[in-house]
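*Asks:* Sequence:
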Amino acid sequence: MSKLIEPRTVSGFRDYAPNVMIPRERILQTARNVYRSFGFTPIDTPAAESLDVLLGKGGDESDKLVYRVRGAKQEREEMGLRFDLTVPFARFAAKNINDLGTPFKRYAMGPVWRGERPGQGRYREFWQCDFDTIGTTANASDTEVVLVVNELFAALEIPRVEIRVNSRLILNGLLESLGIADKAVPLLRSLDKLQKIGREKVIEEMVREAGVSASQASQVLALAETSGTNEDVLRTVSELFAGVDNKSATDGIRRLMELLAVAAKTGVPEGRIKIDLSIARGLDYYTGLIFETFLLDLPAIGSVCSGGRYDNLASLYTKQVLPGVGGSLGVDRLLAAMEELKHPWLTGATTPAAVLILQLDADLLGEYQQIAKTLRDAGIATEVYPDTKKLGQQFQYAEKRGYRIGVIAGGSEMATGTVKVKDLTAKQETTVPRAELAAVVQKLLAGPS
RNA sequence: GUGGCUGUAGCUCAGUUGGUUAGAGCGCCAGAUUGUGGUUCUGGAUGUCGGGGGUUCAAAUCCCCUCAGUCACCCCA
Numbered sequence: 001m002s003k004l005i006e007p008r009t010v011s012g013f014r015d016y017a018p019n020v021m022i023p024r025e026r027i028l029q030t031a032r033n034v035y036r037s038f039g040f041t042p043i044d045t046p047a048a049e050s051l052d053v054l055l056g057k058g059g060d061e062s063d064k065l066v067y068r069v070r071g072a073k074q075e076r077e078e079m080g081l082r083f084d085l086t087v088p089f090a091r092f093a094a095k096n097i098n099d100l101g102t103p104f105k106r107y108a109m110g111p112v113w114r115g116e117r118p119g120q121g122r123y124r125e126f127w128q129c130d131f132d133t134i135g136t137t138a139n140a141s142d143t144e145v146v147l148v149v150n151e152l153f154a155a156l157e158i159p160r161v162e163i164r165v166n167s168r169l170i171l172n173g174l175l176e177s178l179g180i181a182d183k184a185v186p187l188l189r190s191l192d193k194l195q196k197i198g199r200e201k202v203i204e205e206m207v208r209e210a211g212v213s214a215s216q217a218s219q220v221l222a223l224a225e226t227s228g229t230n231e232d233v234l235r236t237v238s239e240l241f242a243g244v245d246n247k248s249a250t251d252g253i254r255r256l257m258e259l260l261a262v263a264a265k266t267g268v269p270e271g272r273i274k275i276d277l278s279i280a281r282g283l284d285y286y287t288g289l290i291f292e293t294f295l296l297d298l299p300a301i302g303s304v305c306s307g308g309r310y311d312n313l314a315s316l317y318t319k320q321v322l323p324g325v326g327g328s329l330g331v332d333r334l335l336a337a338m339e340e341l342k343h344p345w346l347t348g349a350t351t352p353a354a355v356l357i358l359q360l361d362a363d364l365l366g367e368y369q370q371i372a373k374t375l376r377d378a379g380i381a382t383e384v385y386p387d388t389k390k391l392g393q394q395f396q397y398a399e400k401r402g403y404r405i406g407v408i409a410g411g412s413e414m415a416t417g418t419v420k421v422k423d424l425t426a427k428q429e430t431t432v433p434r435a436e437l438a439a440v441v442q443k444l445l446a447g448p449s
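Start counting the first sequence at 1; every next residue gets the next number (UniProt numbering).
It is worth saying that the hints were derived from the structure and are not from the lab.
There could be a bad hint or two in this list.
Derived lysine to aspartate or glutamate pairs resembling DMTMM-like cross-links, with alpha carbons at most 25 angstroms apart [what the hints assert, rightly or not]:
{"id": "1", "residue 1": "64", "residue 2": "78"}
{"id": "2", "residue 1": "265", "residue 2": "151"}
{"id": "3", "residue 1": "420", "residue 2": "363"}
{"id": "4", "residue 1": "443", "residue 2": "399"}
With the hints as constraints, model all of the structure from the sequences given.
*Replies:* Written out as structure tokens, the structure reads:
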């Protein structure tokens, strides 16, 4: 006998078993429905892109994390796997914008790959679910993004979230007034770590990495740490810039105010959106709105949905200016959080079917499939057990996989035109005429699981 | 990519200063019950001790390499 190959997965990549895949697909489906309800339209792009497209010009950092694709032997072109959905979208937009027209709203969901060190909740292959509007700088689109996020978490049955919003316009305005606008990238990257490493270390890092003075750094932090209600924060910031003519900051303040007003009018609950001037987002392409979404019951896991506005998405690929705003749901992180929070979607079931028809008599297979079809036609996912094993074993199978209902039909039921319906969680059994089966099952399924 | 820690049955782990056929609980399978599952009882199976190499009369135990996981840095979803 030849030696077996170990059935391993490579580092940072993993399998998704049914108990994970079932809630995962539900999350994806929910996101899709919400995005579509706002008119975002689906697009997809290839997993692999030419290396020059992926790496652009700022190649040094992304160069390290891009997976190279070797291609077939005779192929020449250097390819890499996409490391996010934004870069391919920029390429797509630059290529097709004339046909698409602007503004253009799209969503995309799919795997991306990064050659980083894997850790808990961090993988080398993971999914992103992006939605963006490009081709307009209107604040209406910024506002819509936040409304989408609000709807998204409502639909996910996770109401206890806080969407923390900020504006790079305000941050940049401050840096301008301090005369350190040219250090924005390293400064904001440090500021972004405020929650994680604390103010002392942030100041230290700003001095070291950005070369600003300690007093400049603490002024940045002073603004970022402005707290209170949204109104308080806006008032404080307005006062700070009252005397000076700072177009960037006043513009940022105005846009946030409008966003909050529209959200309130749309019925977004009080407190759901919170201005947090310390939200900075490490990525340097953001230019206006920036936001992160935290779970109130598990803030430590970090943002599960983030994004913002960027002035020019596709400048690498076209001369046409394409401003945009959007966000991205971190499915895998969210799933980890839902597991931690014992979210009702994570039932542990490993079957998508609700009903299992037990097999008592192989000669009745036609009857069983007929019953199954009736249920399926009524929209109830139904499975027929393939073997005539002992009933106890069939019940165990049903329980282990999480079917909600068992249907038992043997000789005596056939004779009377009935079936036995067993609620597997309540362990109660009733005999019903076959004609009423679908209705009875539907009623049982509507109850608590 | 750099450094630390971990790796023993499906799962959680035990395994004394290297010393005979590597253990426990839970789970799993079968039977008690030839039309009924979470309890009980009885019986049963299960491990290349992550992988490879070395030291030794003898390695799960010591050394080297490698793979995977995990923590910190880095970066981020």
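*Asks:* The structure should be examined with respect to each hint, and the outcome stated for every one.
*Replies:* Structure-based check of all given hints:
Between residue 64 and residue 78 the CA atoms are separated by roughly 15 angstroms; this keeps the pair inside 25 angstroms, and the hint holds. For the hint linking residue 265 to residue 151, the alpha-carbon distance of about 14 angstroms falls within 25 angstroms, and the restraint holds. The straight-line distance between the Cα atoms of residue 420 and residue 363 is roughly 18 angstroms, inside the 25 angstroms bound, and the hint therefore holds. For the suggested pair residue 443 and residue 399, the alpha carbons sit about 20 angstroms apart, so the restraint of at most 25 angstroms is met.
Comparing the model with each earlier hint shows no violations; every hint is respected.
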